[in-house]
Amino acid sequence: MFRTHTCGELKITDVNNEVTLAGWIQRIRNHGAMTFIDLRDRYGITQLVIDEDSSDTVKKQLTELGREFVIQVKGTVRERSSKNRNIATGEIEIGVVNITVLNSSEIPPFTIQDDTDGGDDLRMKYRYLDLRRNKVRDNLILRAKMAHAVRSYLNEKEFIETETPVLIKSTPEGARDFVVPSRMNEGEFYALPQSPQVFKQLLMIAGFDRYYQIVKCFRDEDLRADRQPEFTQIDCEMSFVEQKDILETFQGLTEYLFKEILDIEVTEFPWMPYSEAMEKYGSDKPDIRFDMLINDISDVVKGKGFGVFDSAEFVGAINADECSCYTRKQLDQLTNWVKRPQIGAKGLIYVKCNDDGSFKSSVDKFYSQEDLKIWADTVGAKPHDLILVMSGDREQTLSALGELRLEMGNQLKLRKKNIFKPLWVVDFPLLEWNEETERFHAMHHPFTAPKPEDIHLLETDPGKVRANAYDLVINGVEIGGGSVRIFDSELQAKMFGKLGFTKEQAQDQFGFLMNAFKYGAPPHAGIAFGFDRLVSLFAGLDSIRDVIAFPKNNSGRDVMIDSPSQIAQEQLDELSLKLNLKE
RNA sequence: GGUGGCGUAGUUCAGUUGGUUAGAAUAUCGGCCUGUCACGCCGAGGGUCGCGAGUUCGAGUCUCGUCGUCACCGCCA
Numbered sequence: 228m229f230r231t232h233t234c235g236e237l238k239i240t241d242v243n244n245e246v247t248l249a250g251w252i253q254r255i256r257n258h259g260a261m262t263f264i265d266l267r268d269r270y271g272i273t274q275l276v277i278d279e280d281s282s283d284t285v286k287k288q289l290t291e292l293g294r295e296f297v298i299q300v301k302g303t304v305r306e307r308s309s310k311n312r313n314i315a316t317g318e319i320e321i322g323v324v325n326i327t328v329l330n331s332s333e334i335p336p337f338t339i340q341d342d343t344d345g346g347d348d349l350r351m352k353y354r355y356l357d358l359r360r361n362k363v364r365d366n367l368i369l370r371a372k373m374a375h376a377v378r379s380y381l382n383e384k385e386f387i388e389t390e391t392p393v394l395i396k397s398t399p400e401g402a403r404d405f406v407v408p409s410r411m412n413e414g415e416f417y418a419l420p421q422s423p424q425v426f427k428q429l430l431m432i433a434g435f436d437r438y439y440q441i442v443k444c445f446r447d448e449d450l451r452a453d454r455q456p457e458f459t460q461i462d463c464e465m466s467f468v469e470q471k472d473i474l475e476t477f478q479g480l481t482e483y484l485f486k487e488i489l490d491i492e493v494t495e496f497p498w499m500p501y502s503e504a505m506e507k508y509g510s511d512k513p514d515i516r517f518d519m520l521i522n523d524i525s526d527v528v529k530g531k532g533f534g535v536f537d538s539a540e541f542v543g544a545i546n547a548d549e550c551s552c553y554t555r556k557q558l559d560q561l562t563n564w565v566k567r568p569q570i571g572a573k574g575l576i577y578v579k580c581n582d583d584g585s586f587k588s589s590v591d592k593f594y595s596q597e598d599l600k601i602w603a604d605t606v607g608a609k610p611h612d613l614i615l616v617m618s619g620d621r622e623q624t625l626s627a628l629g630e631l632r633l634e635m636g637n638q639l640k641l642r643k644k645n646i647f648k649p650l651w652v653v654d655f656p657l658l659e660w661n662e663e664t665e666r667f668h669a670m671h672h673p674f675t676a677p678k679p680e681d682i683h684l685l686e687t688d689p690g691k692v693r694a695n696a697y698d699l700v701i702n703g704v705e706i707g708g709g710s711v712r713i714f715d716s717e718l719q720a721k722m723f724g725k726l727g728f729t730k731e732q733a734q735d736q737f738g739f740l741m742n743a744f745k746y747g748a749p750p751h752a753g754i755a756f757g758f759d760r761l762v763s764l765f766a767g768l769d770s771i772r773d774v775i776a777f778p779k780n781n782s783g784r785d786v787m788i789d790s791p792s793q794i795a796q797e798q799l800d801e802l803s804l805k806l807n808l809k810e
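Note that this note's numbering has the first sequence beginning at 228, numbered continuously upward.
Since the hints were derived computationally from the structure, they do not count as laboratory data.
Heads up, the beta-carbon is just placed ideally off N, CA and C, and yes, glycines get one too.
Do not rely on the hints blindly, as some may be mistaken.
Claimed, not checked - Quick list of simulated restraints, FRET-style, between CB atoms:
| id | residue 1 | residue 2 | range |
| --- | --- | --- | --- |
| 1 | Thr240 | Thr327 | 22 to 30 Å |
| 2 | Val535 | Gly783 | 38 to 46 Å |
| 3 | Asn807 | Glu487 | 48 to 56 Å |
| 4 | Leu808 | Glu448 | 15 to 23 Å |
| 5 | Lys678 | Gly235 | 52 to 60 Å |
| 6 | Phe229 | Gly322 | 16 to 24 Å |
As the list claims (entries may be wrong) - Straight line, CA to CA, 30 Å or less: simulated BS3-like cross-link-like pairs of lysine-lysine:
| id | residue 1 | residue 2 |
| --- | --- | --- |
| 7 | Lys486 | Lys384 |
| 8 | Lys301 | Lys286 |
| 9 | Lys691 | Lys725 |
| 10 | Lys745 | Lys730 |
| 11 | Lys372 | Lys471 |
| 12 | Lys573 | Lys640 |
| 13 | Lys648 | Lys372 |
| 14 | Lys721 | Lys396 |
| 15 | Lys301 | Lys238 |
| 16 | Lys471 | Lys486 |
| 17 | Lys725 | Lys396 |
| 18 | Lys566 | Lys592 |
| 19 | Lys362 | Lys644 |
| 20 | Lys600 | Lys573 |
| 21 | Lys648 | Lys471 |
| 22 | Lys396 | Lys779 |
| 23 | Lys644 | Lys372 |
| 24 | Lys745 | Lys644 |
| 25 | Lys512 | Lys384 |
| 26 | Lys362 | Lys384 |
| 27 | Lys678 | Lys730 |
| 28 | Lys396 | Lys640 |
| 29 | Lys287 | Lys512 |
| 30 | Lys640 | Lys587 |
| 31 | Lys512 | Lys592 |
| 32 | Lys301 | Lys287 |
| 33 | Lys648 | Lys678 |
| 34 | Lys384 | Lys648 |
| 35 | Lys592 | Lys529 |
The whole structure should be built from the sequences, with the hints applied where relevant.
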């Protein structure tokens with residue numbers, strides 16, 4: 228061993244002990260006749276002192292040391308004459324007897340400290356240096372603790388952790404696949420799994436009863452702050468269970484994590500139908516830390532000669548408490564905000580509810596005080612409040628109002644990071660019409676079971692069929708989702724039919740699964756949590772990059788190892804591949 | 001595929017209406033300093049203003065293109 232102790236453990240009770248430490252030089256404070264060195268490792272920082280008592284050798288070595296050098300130090304623990312109460316080892320220091328430079332360091336491109344001077348680009352390029360910083364390392368330690376807690380909980384519930392293959396088969400549904408050419412099977416490709424979906428269902432058919440895996444998944448789609456091309460799921464499946472059994476089990480997991488990791492009691496997990504989420508929050512992942520619900524005011528605003536509303540399919544409003552003081556400038560800014568292409572609204576109408584009970588709106592020309600009073604009553608507005616109204620196509624307007632609601636929540640500081648409000652969004656539609664391909668797509672995935680009472684709609688009105696599918700949403704973040712599965716080969720075949728597969732295509736792509744259903748498939752259901760998102764939520768971060776050791780950038784590149792990269796012609800030849808690059 | 005922000009010293013940033021030799025902080029290097037812990041003080045070095053074209057007497061500043069990066073929309077069963 229290069230050390231007898233870490234840099235975080237020596238205390239006043241260790242005084243006079245001879246110790247050996249090893250670590251990185253965080254900072255050197257040279258006072259001429261005496262010098263302090265902060266020695267850092269994963270566990271903490273210990274102050275080294277070199278003064279008149281130190282040997283000439285050590286004093287001479289001092290001149291050659293620099294930031295981020297790795298050194299081994301032998302010395303004596305002594306009590307500091309001026310103590311630092313801010314750090315764990317602040318009462319002691321090491322009188323240095325001997326220094327061994329284990330490795331020197333070039334001057335790092337940014338300083339390794341909590342408030343680093345490095346920008347994101349640089350930190351990613353030198354991620355191994357960034358990972359030396361407390362904040363980044365703590366995120367990964369949090370991640371490790373959470374993974375451990377997940378395993379404890381699920382193991383205790385008799386789940387079997389099972390690995391599934393990474394080289395699998397490309398399937399037409401869902402996200403774009405990452406593909407891997409097969410050398411031994413010329414012209415054929417593996418795909419990396421978008422999730423272990425079919426394997427976990429096959430494990431249920433195999434009688435495993437309860438499966439889980441903390442597993443990498445891969446989707447070749449454009450990135451976001453909360454989306455990486457490779458990400459980690461807590462993937463689970465259970466047999467002989469219904470929807471409520473899954474929800475209870477994984478509510479339990481979530482409660483356990485909040486308690487174990489953050490030591491907080493989070494026990495309210497309301498169930499909200501998808502339709503209600505869309506109508507009241509304009510989103511399938513509502514942030515229920517605050518209300519400001521969307522109200523349908525179509526009926527009360529129409530017929531007064533205001534063409535924009537009269538011709539609109541839907542008019543909706545949110546009520547911002549105590550915001551009647553918003554200035555013209557602020558309202559203009561909000562209007563511009565909703566008119567950005569990302570929101571795409573045509574405009575924004577406001578009603579200020581004045582202190583004296585009167586109203587001031589941007590549509591006073593069309594609506595009397597009495598009219599506006601009815602609006603206010605409909606949305607539950609009091610004096611001092613501000614009503615914000617948008618109109619248009621129903622779905623788009625609900626969605627835009629949902630975005631506006633979140634923005635107002637931000638402006639009013641209603642989205643506190645230390646408050647956690649989970650909910651289950653349930654009864655998702657089974658199918659979703661896709662304009663581009665002009666066919667129905669599975670909203671969750673093609674193995675999701677329709678609600679038994681809605682099966683009859685499959686033939687008449689497929690878009691209306693609800694699924695036994697559910698999402699766990701916390702603070703407006705989709706943390707997890709799952710469904711009760713189809714376990715009948717005929718119903719599964721019918722689903723593939725609805726999704727526009729021919730019998731041959733279905734057989735070719737998923738024949739193995741439908742065959743397996745013929746050999747005694749138990750009723751089963753499952754769920755997967757986005758582990759990166761869960762960790763970033765617990766860490767109070769908006770980006771999952773900060774909880775991934777080596778993440779990729781916006782363009783899916785790893786700027787540290789510079790991947791993806793070209794491969795040698797020999798490799799292409801071996802794989803029988805020929806490039807056909809666009810200009 | 002699209003919308004927007006950013007790109008200036010090793011780093012983080014400022015840079016006015018287009019106008020003299022492009023600044024600050026920090027880091028680095030040198031000197032002084034016996035209780036610092038963001039040590040302090042004095043000094044020094046450090047710039048292809050991302051790249052390319054254009055407008056102009058003159059471009060870090062304006063225009064177009066391009067590259068990089070970030071956020072978002074589309075996309076993500």
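So, going through the hints one by one against the coordinates:
1. Thr240 <-> Thr327: 22 to 30 Å: holds (27 Å)
2. Val535 <-> Gly783: 38 to 46 Å: holds (42 Å)
3. Asn807 <-> Glu487: 48 to 56 Å: holds (52 Å)
4. Leu808 <-> Glu448: 15 to 23 Å: holds (21 Å)
5. Lys678 <-> Gly235: 52 to 60 Å: Check passed, 55 Å falls within 52 to 60 Å.
6. Phe229 <-> Gly322: 16 to 24 Å: holds (19 Å)
7. Lys486 <-> Lys384: holds (17 Å)
8. Lys301 <-> Lys286: Distance ~14 Å between Lys301 and Lys286 Cα, so the pair holds.
9. Lys691 <-> Lys725: With Cα atoms ~13 Å apart, Lys691 and Lys725 stay inside 30 Å; holds.
10. Lys745 <-> Lys730: holds (16 Å)
11. Lys372 <-> Lys471: OK: Lys372 and Lys471 at ~28 Å, within 30 Å.
12. Lys573 <-> Lys640: Holds - the C-alpha atoms of Lys640 and Lys573 are around 26 Å apart, at most 30 Å.
13. Lys648 <-> Lys372: Cα-Cα ~22 Å, so holds.
14. Lys721 <-> Lys396: holds (22 Å)
15. Lys301 <-> Lys238: holds (16 Å)
16. Lys471 <-> Lys486: holds (22 Å)
17. Lys725 <-> Lys396: Status holds; Cα separation ~22 Å.
18. Lys566 <-> Lys592: holds (23 Å)
19. Lys362 <-> Lys644: Holds, at about 17 Å.
20. Lys600 <-> Lys573: Holds, at roughly 25 Å.
21. Lys648 <-> Lys471: holds (19 Å)
22. Lys396 <-> Lys779: OK: Lys396 and Lys779 at ~24 Å, within 30 Å.
23. Lys644 <-> Lys372: Distance of about 20 Å is within 30 Å: holds.
24. Lys745 <-> Lys644: violated (49 Å)
25. Lys512 <-> Lys384: holds (28 Å)
26. Lys362 <-> Lys384: Roughly 33 Å between the alpha carbons, so the hint for Lys362 and Lys384 is violated.
27. Lys678 <-> Lys730: Holds: Lys678 and Lys730 sit about 24 Å apart, inside 30 Å.
28. Lys396 <-> Lys640: Distance of about 46 Å is beyond 30 Å: violated.
29. Lys287 <-> Lys512: With a Cα-Cα distance of about 63 Å, the restraint between Lys287 and Lys512 is violated, given a limit of 30 Å.
30. Lys640 <-> Lys587: Distance of about 25 Å is within 30 Å: holds.
31. Lys512 <-> Lys592: violated (37 Å)
32. Lys301 <-> Lys287: This hinted pair holds, its Cα atoms lying about 16 Å apart.
33. Lys648 <-> Lys678: holds (27 Å)
34. Lys384 <-> Lys648: It holds: about 25 Å lies between the C-alpha atoms, which stays within 30 Å.
35. Lys592 <-> Lys529: Holds, at about 14 Å.
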